[in-house]
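Chemist: Fit chain B to the known structure of chain A by using the hints.
For the protein sequence lines, the chains are A and B, in the order given.
Heads up, the first sequence is in numbering that gives the first Met the number 0, so the first residue is 0 and it goes up one at a time.
Heads up, the second sequence is in numbering that gives the first Met the number 0, so the first residue is 0 and it goes up one at a time.
There may be inaccurate statements among the hints.
[Unchecked claim] Partial list, computed: chain A residues near chain B (C-beta under 8 Å):
#, residue
1, Pro-74
2, Tyr-75
3, Arg-79
4, Arg-84
5, Met-88
6, Lys-99
7, Tyr-106
[Unchecked claim] Over 10 Å on every C-beta distance to chain A, these chain B residues come out as not near it, computed from the model:
#, residue
8, Arg-36
9, Thr-43
10, Gly-167
11, Gly-168
12, Val-210
13, Gly-213
14, Pro-294
[Claimed, not checked] With a cut-off of at most 30 Å between alpha-carbon atoms, the simulated DSSO-like pairs for lysine-lysine come out as follows:
#, chain 1, residue 1, chain 2, residue 2
15, B, Lys-23, A, Lys-143
16, A, Lys-99, B, Lys-23
17, A, Lys-143, B, Lys-332
18, B, Lys-13, B, Lys-23
19, A, Lys-99, B, Lys-332
20, A, Lys-192, A, Lys-76
21, B, Lys-212, A, Lys-90
22, B, Lys-212, A, Lys-143
23, A, Lys-76, B, Lys-212
24, B, Lys-23, A, Lys-117
25, A, Lys-99, B, Lys-212
26, B, Lys-15, A, Lys-143
27, B, Lys-212, A, Lys-111
28, A, Lys-56, B, Lys-212
29, B, Lys-212, A, Lys-117
Just so you know, these hints were derived from the structure itself, not from any lab.
Cβ atoms here follow ideal geometry from the backbone N, Cα and C, with glycine treated the same way.
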Amino acid sequence: MSPSPLLKVSGLYKNFGGVQAIDDLNFEIAEGELLGMIGPNGSGKTTAVNLITGFVKPTEGEISYRGKAITGWPPYKIVRLGIARTFQMVKPFYQLPAYKNMIIPLYSPRVKQITGGKFGDRDAVALDLLEEVGFERDAFVAYKAASVLPQGYLKRLELAKAIALQPDLVILDELFSGLSLAEVASIVPIIEKLRQQGKTIIMIEHRLKELFRIADRVIVLNYGKKIAEGNSNDVMDNAAVKKAYLGAEA
Amino acid sequence: MWNAELNSRSPEKKRKERIDRGIKVRSSDVFALSSWREMLYLSTPRLLPIVGLLILSIALSHYWQRVLLSVSVFALLAISWDILAQSGMISLGQALFFGTGAYFAGNMNHYFGWPPYVTIPLATIFGGLLCTLFLVPVLRLRGIYFSMVTLVLPLMLVRIIEATRIFGGTEGLSGLGPLPNRWVELYLIIAVLLAALFGFRRLMNSDYGLVLKGINDNDRSVMNAGINIYWFKTQALFIASAIGAFAGAFMTHVYMFVGMPVFALDYSILPIAAAVVGGMGTLAGSMLGAFILVPLSEILRGIGGLRIVFYGLFLVVFTVAVPEGIFHYIQRKYHQFERWVEVE
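Next comes chain A alone, as it looks inside the complex (with noise of 0.2 Å):
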């Protein structure tokens, strides 16, 4: 691991009321690394990225990115920062065309940012944003209207749109769910495709198999707590990874 990582977790808290759901989370994350983020069914893993990504405030602990503090920041304030994430439940603006859908994001201080302003006409900017998602620009797809797309694009559209804030850091909270193997298997590229780039990305998944091929380390949650990190194979021969997966007697 370099000496300064590019994300670092300590002592992170949460707690809903009476629920702990992320309890003393330690974990950093190295520029250019794949990290993914393993753990059964609220085991703290979408809340951890709310923390991270500012919608959700810590009980207690700190986040910090590139060395800032940025514990506590409102969410529009972190993403100007470089750090984009996914969200699991894809909601897009289904009366728009896919490609107005794109118009937010690339409204945003960042791209304005990083750009300088010059980057030519929206909707021709993220027309090509799509089509390196996947959305066949022979096809017409992307000018369908959201209600009107399967799954595997609405999660492509989510992963376009934070593409094209240009992040550093990009969160992925369950990008592969709900989608079918071959739809799997054609993301996967593109998610090779931006580690190329240089980007640093967390990815959230129930899908081990694939996420296993691509992941540098894996870090395991249950109860909001980290029980194991390492490769995949470590992680899947530690004891306490098995018992929080399959249950006690495994």
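Modeler: Chain B only, in chain A's frame:
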């Protein structure tokens, strides 16, 4: 292939064709219109309100010209309501904007003696700013919670004026400076109404407007794009309250009076009814609604006590029969126009 099939079926070699599609493609992407007919098809909906209002302004009697003033004021309030609604803020208090603008203009005229052409622009800007300041603290509230605050604020302001007897107290301020003559009144409000309709429709259809509508649809997604939604909501709020404040300031000088009735519930409720009857989300629909409801209320004045019953009945019938709003209905029908064309 498609043509050949039609050819075999229709001996007179004609078929029906929607006229809007080709025109839309050529006007929005290729920028080439081929005939006057197509130009007319595109421009009619835009010319209709302009020509209609100009004809009305000349053709109407003096009494109905006064009604037209009030219709236009309610149309502005309905447009202001629609802008807020499209940005995710359901307001029950357009009277706040109207009344604040009215009192700003009235006081500037009464205490400083400034003429209407100074007070109306100033009241528009400062009334807009003051209302925005009032509501900024509650911008984080969503849905009904925001609405409740907007409903209560004008009622509170009335009681403050009543209790502290400022700005003329219950008597109000009368004998304020009028606008030069009724034609200036009429054409001023018509010009502003048309400017607001076309200007803000354009704004709401731009990328900026898309961000505002995005906040209404899914504010988390907009926040996730690094956009400060509260700053955008504040801007929308200022736009809407400035429109309302203009309407109030204008009416102050038309009536040459400002008093507590400017915060009346009518100014809050009627714009909402207009937007619902006319069709929300287009601004033109809200304006159309005001042009139906206000004159209707005037016509029904003749039947006395049962007026409100008929008025209510009309509202119910319309919302049941055309729930999408009249404007959306007309717009859809207009786009579905067909013509017979020769099949080569």
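Chemist: Against each hint, give a clear statement of whether it holds in the structure.
Modeler: So, going through the hints one by one against the coordinates:
1. Pro-74: 5 Å, holds
2. Tyr-75: Check passed: Cβ of Tyr-75/A comes within 5 Å of chain B, closer than 8 Å.
3. Arg-79: Cβ of Arg-79/A sits 5 Å from chain B, so the hint holds.
4. Arg-84: Holds, about 6 Å.
5. Met-88: The hint is violated - Met-88/A has no Cβ within 8 Å of chain B, the shortest such distance being about 10 Å.
6. Lys-99: Interface hint status for Lys-99/A: holds (7 Å vs cutoff 8 Å).
7. Tyr-106: 5 Å, holds
8. Arg-36: With a cut-off of 10 Å, Arg-36/B remains clear of chain A, as the shortest Cβ separation is near 27 Å.
9. Thr-43: Nearest chain A Cβ is 25 Å from Thr-43/B, so the label holds.
10. Gly-167: For Gly-167/B, whose nearest Cβ neighbour in chain A is about 44 Å away, the distance exceeds 10 Å, so it holds.
11. Gly-168: 44 Å, holds
12. Val-210: The claim is violated: Val-210/B sits with its nearest Cβ about 5 Å from chain A, within 10 Å.
13. Gly-213: It is violated; Gly-213/B is separated from chain A by about 5 Å at its closest Cβ, not greater than 10 Å.
14. Pro-294: 33 Å, holds
15. Lys-23/B with Lys-143/A: Roughly 17 Å separates the two Cα atoms, so the pair holds.
16. Lys-99/A with Lys-23/B: Holds, at roughly 18 Å.
17. Lys-143/A with Lys-332/B: Distance of about 23 Å is within 30 Å: holds.
18. Lys-13/B with Lys-23/B: 23 Å, holds
19. Lys-99/A with Lys-332/B: OK: Lys-99/A and Lys-332/B at ~25 Å, within 30 Å.
20. Lys-192/A with Lys-76/A: 26 Å, holds
21. Lys-212/B with Lys-90/A: 14 Å, holds
22. Lys-212/B with Lys-143/A: Holds, at about 19 Å.
23. Lys-76/A with Lys-212/B: 21 Å, holds
24. Lys-23/B with Lys-117/A: 29 Å, holds
25. Lys-99/A with Lys-212/B: Since the Cα atoms of Lys-99/A and Lys-212/B sit roughly 12 Å apart, the hinted pair holds (cutoff 30 Å).
26. Lys-15/B with Lys-143/A: 26 Å, holds
27. Lys-212/B with Lys-111/A: Since the Cα atoms of Lys-212/B and Lys-111/A sit roughly 21 Å apart, the hinted pair holds (cutoff 30 Å).
28. Lys-56/A with Lys-212/B: 26 Å, holds
29. Lys-212/B with Lys-117/A: 24 Å, holds
Checked against the numbered hints given earlier, the structure breaks hints 5, 12 and 13 and satisfies all the rest.
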